[in-house]
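**Q** Residue numbers (the working numbering), protein chains in the order written: chain A, 11 to 303; chain B, 197 to 533.
Hints were generated in silico from the structure; no laboratory data involved. A hint or two may mislead.
[Said to hold, decoys possible] List of simulated lysine-lysine pairs, BS3-like, C-alpha gap at most 27 Å:
hint: 1; chain 1: A; residue 1: LYS160; chain 2: B; residue 2: LYS473
hint: 2; chain 1: A; residue 1: LYS260; chain 2: A; residue 2: LYS233
hint: 3; chain 1: B; residue 1: LYS459; chain 2: B; residue 2: LYS515
hint: 4; chain 1: B; residue 1: LYS426; chain 2: B; residue 2: LYS360
hint: 5; chain 1: A; residue 1: LYS158; chain 2: B; residue 2: LYS246
hint: 6; chain 1: B; residue 1: LYS246; chain 2: B; residue 2: LYS459
hint: 7; chain 1: A; residue 1: LYS158; chain 2: B; residue 2: LYS459
hint: 8; chain 1: A; residue 1: LYS158; chain 2: B; residue 2: LYS458
hint: 9; chain 1: B; residue 1: LYS272; chain 2: A; residue 2: LYS79
hint: 10; chain 1: A; residue 1: LYS54; chain 2: A; residue 2: LYS25
hint: 11; chain 1: B; residue 1: LYS272; chain 2: A; residue 2: LYS160
hint: 12; chain 1: A; residue 1: LYS29; chain 2: A; residue 2: LYS210
hint: 13; chain 1: B; residue 1: LYS473; chain 2: B; residue 2: LYS246
hint: 14; chain 1: A; residue 1: LYS158; chain 2: B; residue 2: LYS515
hint: 15; chain 1: B; residue 1: LYS515; chain 2: B; residue 2: LYS375
hint: 16; chain 1: B; residue 1: LYS272; chain 2: A; residue 2: LYS158
hint: 17; chain 1: B; residue 1: LYS328; chain 2: B; residue 2: LYS360
hint: 18; chain 1: B; residue 1: LYS246; chain 2: A; residue 2: LYS160
hint: 19; chain 1: B; residue 1: LYS473; chain 2: B; residue 2: LYS500
hint: 20; chain 1: A; residue 1: LYS47; chain 2: A; residue 2: LYS192
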Amino acid sequence: MKNNRQTLVTRFEEKLIAKLENENIIITTDNFNFINKYYDVVNKQNKLNNITVYYDGALTSIRFLETWKHIPLVLYVNSIGSHRMFFHLMPILRQMNVRIFLSNQTPQNFVDLQIMASLGICSGIYFSTTKMDWNKFADLQTYAIYSKNKHAAVEPFNFILSNYKRESRLDFNTVYYNDPQKFLHLNAEGQIALNADDLKAGKFVLENISLIDSLPDNQDYIKETTKWQQHFLDKTHCAECLAWRICLGKFVETIDDQKSCANTMTELLDGVEHHQQRLQNQQNNQNQQKNRR
Amino acid sequence: MANILLTQKCVRSCPYCFAKQHMSDSAPDDTLSWENLLYIVDFFDASNEKHFSLLGGEPFLHPNFLDILLYLRERKFRTNVFTSGVMSNKMFDEAIRELQHFTPMQLSFVVNVNDPKKTPFSELETVRRFLKAFGHFTSLSFNVYRKDADMDFLIQYINEFGLKRHIRLGLAHPIPGLKNTHIPPSGLREMAQNLISHIPQLNANHISLGFDCGMPMCIFTDQEMGQLYKNAKGQLKFTCGPAVDVGPDMSVWTCFPLSNYKKTSIYDFDNVHEIRKYYQQIMAEGRKEIAGIFEQCDDCEHLKNNLCSGGCFAHIVSKFYNEPENIRKFKEVKNEK
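For reference, chain B alone in the conformation it holds in the complex (with noise of 0.2 Å):
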């Protein structure tokens, strides 16, 4: 599913933020205006898209986020939006009143939260007021970031404000040139066993994980891999592929961690599956140098049968990043936009 930047402004400053490199490259009050918010309706309209993610920064922190639901509602798009669940009391009660009437088919929240043992009180304290008034509406976004994650509060949320039973497990990506926390490919088996620590108490709790792009299929044994197919109900994704992003400023990219890798602008396309043919073959470049974030990915079957794409690419332009043939052209990718 395709994501739609409203603004740039977000209200937290997570470790492992991998959209840091876009961030720092926009001005703060980028906002979306209602023309490109149009014109990119009607694109996805047009490309047989009824649905996208919203993301900021922080969407709620967009002037007219509420108004864009509604229009959205009347265009009969399925939304969903990527959020902190941080807005002002305004805000919140703004959003209980308008959205009401929403059904969950036509609008989902991904509350991407962070281990409250390291979130501040206030923060912690909106985002519980959150989950409490939008729960039937809401799954729970995790980013890995450390080998060690803490999972056990995710399952309270869950069963605390009946949030939908499904967890979307995202790896932390690095963003090439900028330091960010994640885990190297080194440190990935060992998150891996974390996270397989988990599954009985998933299970108990009748909750599914879901990956998000990138994750590396090789992390886990086969023992673990048929723990997880249980888990996941067969809905297993080992793949990366171009997400496709659009910026306030109708620029287009693939992900937030290669925000800055071949960017373009969405008028340079007739639809949407045009942009995501453009990064698949730009990736599929990329791979040829690299295939996988693993030296056993060069011969690797299952990346060969499709079944893992070898970890996340940003991995693979972070390789090749810092040789200075490769940064100059990195550079000269940037500038050409």
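In isolation and in its complexed conformation, chain A is listed as follows (with noise of 0.2 Å):
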């Protein structure tokens, strides 16, 4: 695969994919009913990174197949559905190489990113509403950060644990693809878009991916890379917030009188660094160690 490359974000084109060679390819759709033959074919000659399927239903609604269990799967669903058909889901949900997101819709759904983790299973939550339940939120990222106990990921909080630097700002935008440092997208024409959005609106920085060696030098390109810079010219409330770094203004539309994203993404920075701290203190117990002997 080509290397130091972005990851390409389509929905499945064949003649499009024909045309690429050795890229690492997102497949995004809606359709459960061509997942294996996405797979084989996308891996002809470049390498599946995932399938993402964007479901508007429920999880336990979707009938998995045997033959998913060696496909890289992210889902998009609006929630778990059912508890009870969720546990009869289990069995065959850890076999599978999936990544479940749920949305910020409804309250329940935070609860249920934890039931799932709490089971081994990936989760994450996506920022469907700007309504957002900052308790709900809160209580998630404790239990992502905090909780006594093994359990699968949760995003984006695993991603910022993973990736944060104290001296340097983090995008957690990269977990839903829209970082174009990381991920371009791509129409069935394969033009591209920097983000999610601009592939919607028909916003196009380059015609193929021929010219991918020109984007550093693309105006939107640097444009959108550096859009964090108008916090600090508009000198919004986030340009002030303590935890800025991890968050980049993301919930600029949600601000409150009590500023509660504010206080939740400042936790959410300490947790990080009490994170690293512990991480820190074990390596270097473990280094004294091995001194000793």
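Assemble the dimeric complex from its two separately framed chains, guided by the hints.
**A** Here it is as structure tokens:
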């Protein structure tokens, strides 16, 4: 696969896939019928990163097939559905290479993400509404960071925990493929957009993948990758927020009188730093023990 | 084994109920939430205890009861459920459907039964229905609150429904500051004689007895102890220690009769061993004042050797509860939390 190149995110288009070679590819779809075909076709001359299914329904209404076991799947669903049916799905879910995202639309989803993670299913929250239940979000992040027990990863907290560096900012939009330094979005003709919204709006920065080497000098690309600076130019609340480094103003539309988002994200930052300190201490202890020997 | 309360609602009103104080202090619609359940399961998992009992009220009244059992099975917890066996037809049908793939290693029921002669017919019918359906998961529990308790029906139930051949025998304990029906220390010897009179029949049916906490050893003669020892295959217990109960609101206490004595919160501890240690210390302090429920407990060798705890700690708390100074202290403790 091509090194240091963005992963390409596209809907399945056989002719387009045939034109690509040695690319890392994510197929997006809303249809479960052709999962196996996507896997086989993409892997002929490219590498399938995963198939991401955006499904407007509950997890428990999906008929999981044994033939999907070897296919990396990412599912965006509205909810898990009935708990009972979900628990009955567990034997097959455990065998799948799957990450399940639930929307932030209902408070129950935040709890269900904990249930999934506690049962070893990788999961995450996605933001489909600006009406955020910050208390539930805080509960989920507490679980993701401080839980007494081992559990599967919960995004975006897992991404933040794994990638945070004290001296630099971190964009967790990577989790949702909306980071043009890591992901590019292609339409059926191979035109390239910087994120999912631009793709939807037909706003393209390159006509095809052969022009990708010119991307770093592309003005739209530069603007997109530096748009965080606008918060400082506009002096928004986010520019003063302690948690700026891990949030980059993503929740500016949700800011309320209590600054719930700032409080929650600052707690998250504290948690991440605490987590890293703990890892550092463990490392130090191990090194000390080695030296003693 | 620790106990997790799923709900405060109960379908019965047993005269000896030692959860009375707790129930009267709690909102009846207070049920364990998924968030709290997840915390509790993680808490026990982190304490290396992969088993606990689910209690109520009546656990089957929790709106997510069957889902909770399915979840605990996925977490590889062994779950014991204390139930009356009384439930709606709808719940019974669902339970039959959902629990058929559980094994007795994953799930067990302890059905607390009362004397059928004193039980309403409709209740009796639903209990019998439950025992018939879930007999292979079930052992019986019987709380003795009368000196002349009839136990023949327990043997009959075990034989009729193929239940586990073991009876968990509890003593109804007093609730400090409240009235419930229980046998006072002076009546325990008579109760013991009645109990021993059932041993030959229990032996003939290969049914063993096991004591719940707080049964004093000295209410049995040495000869009777021998009979009990043989019946229970040596598994006899005359101790009283913290059981650890966790409520839907995450409050923690040592056992139902003492639900208002030094109640605290699960969040104050890192693991379940810390909770036990906390209540063990409290009970040890109390027993320094009064060793046991009988005067002779003060000099008892068996108590010193930890073979017997000298009866239920609730009797001890009850003894000093009515002293004005202690009422004040007790109320302070109650209000602390």
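**Q** Does each hint hold? Answer for all of them.
**A** How the hints compare with the structure:
no.	hint	verdict
1	A/LYS160 <-> B/LYS473	holds (25 Å)
2	A/LYS260 <-> A/LYS233	holds (16 Å)
3	B/LYS459 <-> B/LYS515	holds (19 Å)
4	B/LYS426 <-> B/LYS360	holds (18 Å)
5	A/LYS158 <-> B/LYS246	holds (14 Å)
6	B/LYS246 <-> B/LYS459	holds (24 Å)
7	A/LYS158 <-> B/LYS459	holds (23 Å)
8	A/LYS158 <-> B/LYS458	holds (25 Å)
9	B/LYS272 <-> A/LYS79	holds (23 Å)
10	A/LYS54 <-> A/LYS25	holds (13 Å)
11	B/LYS272 <-> A/LYS160	holds (14 Å)
12	A/LYS29 <-> A/LYS210	holds (22 Å)
13	B/LYS473 <-> B/LYS246	holds (19 Å)
14	A/LYS158 <-> B/LYS515	violated (41 Å)
15	B/LYS515 <-> B/LYS375	holds (13 Å)
16	B/LYS272 <-> A/LYS158	holds (17 Å)
17	B/LYS328 <-> B/LYS360	holds (12 Å)
18	B/LYS246 <-> A/LYS160	holds (14 Å)
19	B/LYS473 <-> B/LYS500	holds (19 Å)
20	A/LYS47 <-> A/LYS192	holds (26 Å)
Checked against the numbered hints given earlier, the structure breaks only hint 14 and satisfies all the rest.
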